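Chemist: Protein chains in written order, with the numbering used here: chain A, 2 to 269; chain B, 2 to 269.
Hints in this document: simulated from the structure, not taken from any laboratory. Check each hint, because a few of them may be wrong.
Repeated chains share a single entry, so a pair holds when one copy, or any two copies, can fit it.
Mimicking DSBU-like on lysine-lysine, the simulated pairs with C-alpha atoms at most 35 Å apart in a straight line are [unchecked claim]:
{"#": "1", "residue 1": "K21", "residue 2": "K128"}
{"#": "2", "residue 1": "K186", "residue 2": "K140"}
{"#": "3", "residue 1": "K186", "residue 2": "K21"}
{"#": "4", "residue 1": "K140", "residue 2": "K261"}
{"#": "5", "residue 1": "K186", "residue 2": "K128"}
{"#": "6", "residue 1": "K186", "residue 2": "K261"}
{"#": "7", "residue 1": "K140", "residue 2": "K190"}
{"#": "8", "residue 1": "K190", "residue 2": "K21"}
{"#": "9", "residue 1": "K190", "residue 2": "K128"}
{"#": "10", "residue 1": "K101", "residue 2": "K190"}
{"#": "11", "residue 1": "K101", "residue 2": "K186"}
{"#": "12", "residue 1": "K128", "residue 2": "K261"}
{"#": "13", "residue 1": "K101", "residue 2": "K128"}
None of the values given here were measured: they were computed from a predicted structure.
In case you want the letters, here they are:
2 protein chains.
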Amino acid sequence: MERRTVYVGASSLPRVKISKDHPRYRSLVTRERMAAMVEEGIVSTTGLIAHGRGEAFDYLLGETTVPEADLAEKAAAAWLLRAERPVITVNGNAAALAAKELGDLARATGALVEINLFHRSEGRLRKVCDLVEEEMGMKVLGREQDAVLEGIASDRARCTSQGLLAADVVLIPLEDGDRAEAMAKAGKKVISIDLNPLSRTTLAAEVAVVDELTRAVPNMVRWANELRNRPEEAQAVLAAFRNQENLAAVMRRICRGLRKGTADRSER
Amino acid sequence: MERRTVYVGASSLPRVKISKDHPRYRSLVTRERMAAMVEEGIVSTTGLIAHGRGEAFDYLLGETTVPEADLAEKAAAAWLLRAERPVITVNGNAAALAAKELGDLARATGALVEINLFHRSEGRLRKVCDLVEEEMGMKVLGREQDAVLEGIASDRARCTSQGLLAADVVLIPLEDGDRAEAMAKAGKKVISIDLNPLSRTTLAAEVAVVDELTRAVPNMVRWANELRNRPEEAQAVLAAFRNQENLAAVMRRICRGLRKGTADRSER
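Kindly generate the complete structure, drawing on both the sequences and the hints.
Modeler: Put into structure tokens, the structure is as follows:
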């Protein structure tokens, strides 16, 4: 986490000094880091807008891992451990926010990592692959895409035959709705991480994690380490998890927060 | 509105073709326009994230002007008409989204326009002033800031003595919470336009418009034209408007949408 606080402000703007005592310190530092990552060519401008959408939903959740999210993260870890060919997809925003942590999760669960950009160009793909491999300390798939995912018309269908195409369980942090639906249709077990509880990505998932990425992934690593040598407990977690009920509980929680006005901690 | 559809995609990215039949056409075109405006130096990268936060709340409202917003827009128009020294503040995001429409509102209500950037630099201030004056076809205040707003420590306190400092009623689209609170403390009647129903800006306002800027402003112009020569009706609107009740109704509406899952039209 230490490296992350280096980025406080995009270089074209006056550097922003954020007090560690600020109640929203973490969110503000993350925001500045994302802005800086646009200049590095890792995050696209529309990726920055998507980050803002996430901020709004996170704000309604109180910027904390709610109990429903913790439960989904435990189930997600159990699914990844149980999978035969688990794959974690990483796009520009996921790379900018949590490359190192996603690498930890891949190691903890034996998953492969595949880079999959929404706004794809050769140059950007290379940059993101380089960043992610450096942060993770491991090789990733996706520099050469030799397969396509059915049901997507554009070149966003592109993937690798070794990775996404062959996967039985896929973890898709911050993924696009079209791709999430295509993966579900292809019979893969989809685990999403998306702060919007109503997004098509969330709705396409069998395990929908509604949580902020940099909180969700370390918690999933913790659960994976806890469940790794306890297959019976992992099995019990999977059997007990009810995704739709869990999502409905998240909505009720957001509504309670809206009614009480508890989310009024924004600096905006 | 025709000019607005010109910007579809930032120039550094593959141009995005958006079908007019897409249910979220308007939101997607606006998003691409905002991304393009970053490259022009009008919108800051953190402004882009703020736009994303707005998108999320708008999405929960169904991307429509809800009845509570229409009511607040009518009250806002009545207040601007009744004011002795109304001022409309314009920052980078407001300039990028609705400069022309805000100019129409200034003319319809006799308000002055003052440019007020959150991430201020001389170069950016000049660019935004030039853009807004061209789009509005009128002079704006703010190139020379000769006064400060009490209660703000940074240079974000800067304003003009002729404009903001002397105003009795201020319309503050997409404004920062600190400045909104400082204006309220200075005794000004604050009218906000902010999609976050719980933001400090919304909570500081006496008339809080929870609506998307490009929908809200033309509707306020329409109400201003309707009420201009009917002072008794305008007075009745002001007397009847209950800001807190109106905001509470917006929250209930968002909750109903969340429960029904009606906001699941996102492409994300």
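Chemist: Taking the hints in turn, state whether each one holds.
Modeler: Consistency of the hints with the structure:
1. K21 / K128: both (31 Å within a copy, 34 Å between copies)
2. K186 / K140: within (28 Å within a copy, 56 Å between copies)
3. K186 / K21: Classified as between: cross-chain Cα gap 27 Å, same-chain 45 Å, threshold 35 Å.
4. K140 / K261: The answer is neither: 47 Å in one copy and 43 Å across copies each exceed 35 Å.
5. K186 / K128: within (31 Å within a copy, 48 Å between copies)
6. K186 / K261: between (40 Å within a copy, 24 Å between copies)
7. K140 / K190: For K140 and K190, only the intra-copy Cα distance (24 Å) is at most 35 Å; the inter-copy one is 59 Å.
8. K190 / K21: between (39 Å within a copy, 34 Å between copies)
9. K190 / K128: within (29 Å within a copy, 50 Å between copies)
10. K101 / K190: Answer is within: at 24 Å inside a copy they meet the 35 Å cutoff, but 49 Å across does not.
11. K101 / K186: within (30 Å within a copy, 46 Å between copies)
12. K128 / K261: neither (44 Å within a copy, 41 Å between copies)
13. K101 / K128: within (16 Å within a copy, 39 Å between copies)
The earlier numbered hints that this structure contradicts are 4 and 12.
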